[in-house]
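Kindly generate the complete structure, drawing on both the sequences and the hints.
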Amino acid sequence: MNKIIRNIFVALTGLFIAFLFIAVSENTTMSFVDSDEDCYACHEDKDLTADVNGKKVSMFIDKNKVNASAHAGVECRDCHQNYNPDEVPHTKTKTNVNCQSCHDDLKGITESVHGKVECSSCHKPHEIKTVKQMKEAGSGECLDCHKTKGVRQFVNSIHDKKGLECESCHKGGHGVANLTNKDVPSLCGKCHSQNKMALANSVHNTTLSQSNTKGPTCSDCHGVHGILTSKISIESEGCLNCHLDEKKFPGEEKGSAKFVAQYRTSVHASITKNDVEAAGCVDCHGDHMVQNADNPQAATIRARQMETCGKCHSDVVSEFKISKHGQELANGNKDAPTCSDCHGEHDIKTTFSNDEFSKINLVDKCLSCHKDGKIKHKNYNGEEELISGYKESQHYKALQKGNLDAPTCSNCHGAHEMKSASEVDSKISKRNLEKTCGESGCHSDQLKEYIGSVHEVAITRDGNKDSPTCNDCHGNHVISKKVIDDKLEQSKAVIKLCSNCHASTEIVDRNDLPTKVAESYKESFHGLATRSGLQEAANCESCHGNHNIRPSTDSTSTIFKTNLPQTCGNCHPGATEAFFTTKIHIEDARKDSPIVYIVTVFYMAMIIGLIGFMVLHNILDYRRKTQLKKADGS
Amino acid sequence: MEAEEKYLRMTKSERIQHFLLLSSFMVLIVTGFALKFPEAWWVKMISAVIGEYAFEARGIVHRVASVVMIVASIYHLYYISMTQRGRQLVKDFFPSLRDITEFKDSMLYLVGRKSDRPLYGRFSYIEKMEYWAVVWGTVIMGATGFILWFKDFFFRIVGNVGMDIATAIHYYEAILASLAILVWHLYFVFVNPDVRPMNKAWLSGYLTKEEMEKEHPLELQKIEEESVAEEKKMKSEL
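Top to bottom, those sequences are chains A and B.
The numbers in the first sequence follow numbering that gives the first Met the number 0, run straight up by one, and end at 633.
The numbers in the second sequence follow numbering that gives the first Met the number 0, run straight up by one, and end at 237.
None of these hints come from the bench; they were simulated from the model.
Be aware that a few hints might be false.
Only part of the chain B face toward chain A is listed, based on derived beta-carbon distances under 7 angstroms [to be verified]: (1) Phe32; (2) Leu34; (3) Leu109; (4) Arg112; (5) Phe154; (6) Gly158; (7) Val188; (8) Phe189; (9) Ile222.
List time: in silico DSS-like cross-link candidates among lysine-lysine, alpha-carbon distance up to 30 angstroms [what the hints assert, rightly or not]: (10) B:Lys103 with B:Lys11; (11) A:Lys370 with A:Lys396; (12) A:Lys629 with B:Lys5; (13) A:Lys521 with B:Lys199; (14) A:Lys515 with B:Lys113; (15) B:Lys150 with A:Lys628; (16) A:Lys629 with B:Lys113; (17) A:Lys131 with A:Lys148; (18) B:Lys213 with A:Lys629; (19) A:Lys495 with B:Lys127; (20) A:Lys629 with B:Lys208; (21) A:Lys515 with B:Lys213; (22) A:Lys628 with B:Lys5; (23) B:Lys90 with B:Lys5; (24) B:Lys35 with A:Lys495; (25) A:Lys213 with A:Lys131; (26) A:Lys358 with A:Lys323; (27) A:Lys400 with A:Lys486; (28) A:Lys253 with A:Lys333; (29) A:Lys624 with B:Lys199; (30) A:Lys629 with B:Lys103; (31) A:Lys628 with B:Lys43; (32) B:Lys127 with A:Lys624; (33) A:Lys582 with B:Lys213; (34) A:Lys628 with B:Lys199; (35) B:Lys113 with A:Lys628; (36) A:Lys521 with B:Lys35; (37) A:Lys128 with A:Lys45; (38) B:Lys5 with B:Lys127; (39) B:Lys113 with B:Lys150; (40) A:Lys426 with A:Lys521.
Don't be surprised by glycine CBs; every beta carbon is placed ideally from N, CA and C.
Written out as structure tokens, the structure reads:
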């Protein structure tokens with residue numbers, strides 16, 4: 000309180016003194032300043048102050064500086080008109096300094112945004128700066144007034160560091176102008192010409208120039224004064240600022256804010272490297288030339304995804320490119336899948352964390368195309384169960400029961416390489432399938448048996464295409480289990496399976512196989528019993544084994560001469576000491592079992608000769624006897 | 000009345016032997032061919048009636064029938080060696096040179112080169128052939144069937160080739176025997192105009208005089224040459 004009272008007291012005292020001064024000078028005649036000397040008489044005093052609106056303001060004018068300024072030679076009264084030196088303050092009716100009284104060529108300034116700004120705000124009152132001097136002083140002058148946080152970001156921005164000034168963008172001199180969104184690209188393009196050209200083709204520019212004057216321009220992504228360059232900032236400040244706005248992008252369709260927001264859940268957003276998202280908007284969509292996703296030029300269209308995703312995922316993309324999927328895609332097949340068809344778009348997740356890629360769900364993903372005859376299969380026209388039959392398989396059933404070792408589509412076909420069985424280096428080619436199944440950790444025992452078998456040797460040594468590998472017997476997708484509860488059905492299935500090849504004249508001829516194995520089996524007691532419905536009768540597998548089928552010349556074969564008693568002995572206890580002198584499956588009885596041949600020929604002759612004679616005898620006998628009866632009757 | 004005169008063809012023992020033979024024979028044919036032709040309609044029908052264990056039942060019935068036949072055969076051996084009538088029977092069945100002439104004349108008659116049938120005795124060449132065919136067949140089928148029955152034992156002795164031979168013989172002999180019975184025996188018993196509709200001897204044991212005159216005239220003559228009294232006595236015995 001005391002302080003205020005004291006200040007009022009000081010002020011009143013000041014006023015009183017001033018009043019005395021005026022009162023004294025009133026006595027002299029009214030005089031005007033003749034020269035600057037008169038002014039400097041007082042204003043050279045460094046301690047001269049005046050109260051302006053209650054503030055003590057220095058009234059000191061540095062004569063040297065004035066004389067060094069652009070206004071050297073201009074007298075005080077040229078600007079400060081109607082000033083009475085005897086009067087303090089010098090004028091009761093304050094007349095503003097009118098620069099245009101001399102500088103009458105500055106017409107444009109009244110139209111500029113600075114039209115109402117006093118000249119001295121920029122050029123300073125007494126130490127008038129020339130344009131040249133102002134340029135040297137740089138942007139500091141502007142920032143004296145433009146103190147908002149936004150504008151201040153210019154300081155130390157990349158533009159500032161590179162030596163750009165306010166006027167680099169806002170025009171210099173008196174034509175300072177605000178910028179509209181539309182002006183920005185061409186302005187920035189002065190330096191960033193390539194980016195400008197890229198932007199000119201973008202969907203952003205189309206929006207800006209054709210429909211929305213507030214459409215996105217350079218500054219919407221890069222910021223206005225504090226120019227942004229780092230990727231993360233651009234995305235969070237730029238892309239997502241608009242694209243997460245549900246008012247701007249309503250709905251749930253592609254392109255909506257909700258759709259874009261899925262990005263937040265993606266692995267691209269959640270995995271970071273140096274605090275930057277693994278992949279941000281621009282990594283896929285491109286930066287300046289960003290296009291609508293359905294634009295043929297867009298980096299994200301289906302055909303170009305191999306290239307776009309391949310920027311980071313080069314390994315898998317190169318695998319994918321040579322896959323059937325990739326080749327079809329390259330050939331322009333619209334049904335062929337591309338990256339996003341399996342992995343999704345914004346919500347891309349790792350295959351490890353995404354439930355859609357769990358072994359059991361992957362099946363549905365693949366089947367979303369590979370069923371209902373959507374895709375013609377080269378071998379099985381329209382037989383969709385070929386692939387969808389996987390769901391009937393033991394593999395799928397095991398997965399359903401929670402056995403995560405059971406294979407799903409990708410385990411056999413590969414994920415990106417997705418090769419068909421006809422390709423030699425595919426996991427499921429004739430040559431490789433045994434390893435795919437046998438080295439999976441599940442079927443190693445079977446593989447051990449199979450290696451060295453007649454079927455395996457034919458494939459690996461001779462490249463035989465007819466010889467069966469795992470899938471030829473167990474099926475492709477419908478891998479079925481042994482039907483152990485019905486031995487007869489099991490038996491019949493095995494016989495049918497082996498007969499597929501061993502009773503096919505085409506395959507038998509081509510591979511020089513024994514011709515009558517199936518036929519002779521069918522006529523053997525074993526075959527007859529099975530045909531009659533006996534559960535336990537031997538089938539192919541009973542004697543030949545299954546995975547370890549070897550030729551009779553192989554000493555480890557179940558049908559090697561000395562092993563036969565053991566093999567037969569499994570069912571026939573007496574056979575353990577039996578001896579085998581002729582073939583089991585007789586092809587040509589004359590050669591393979593001459594005695595049986597002789598017996599056959601003998602009986603055939605007997606049947607034809609004897610029975611034929613009997614029939615003839617009957618006919619003649621009947622005729623004769625009826626003749627006799629007629630004769631008797633008549 | 001002379002027309003009702005009856006001549007003994009088969010005694011009760013002989014008819015029982017014949018019945019055992021024919022019944023076991025038919026069962027063997029059905030159960031045997033059922034194995035060889037599992038997809039035949041009649042096999043499927045039988046299997047459907049019997050049900051799940053039809054195949055096992057087939058095997059058992061076949062073996063039972065074979066035992067019946069073998070027992071009947073053994074009894075027949077006893078019969079032809081130990082009884083008066085049996086010994087006479089086999090003696091009458093024995094082929095003789097006369098059979099060749101009879102056969103030749105019969106052929107000539109059948110083709111129309113001779114107007115008269117040769118006169119047959121108790122057994123014509125046809126019946127002799129049938130009898131010996133049955134003997135032969137029973138031995139062959141019995142032997143091979145026995146090997147196949149006890150396969151685990153015989154496997155050791157005859158080896159796989161022996162088993163194959165036994166199988167082949169058993170099969171072809173079955174066809175031969177079945178056809179022979181079907182074509183010749185059933186013809187002579189049922190279709191033959193002399194005895195049509197049926198030669199009842201296998202049921203009643205007797206032939207009529209007319210049948211005797213046509214089929215066995217020499218036998219008839221021989222019987223008539225024997226004393227009439229004896230003949231009449233034989234009649235009264237019945």
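### Task
Return the numbers of the hints above that this structure violates; sort them in rising order.
Checked against the structure, the hints that fail are numbers 1, 4, 7, 8, 9, 10, 13, 14, 15, 19, 21, 25, 31, 33, 39, 40, while the rest are satisfied.
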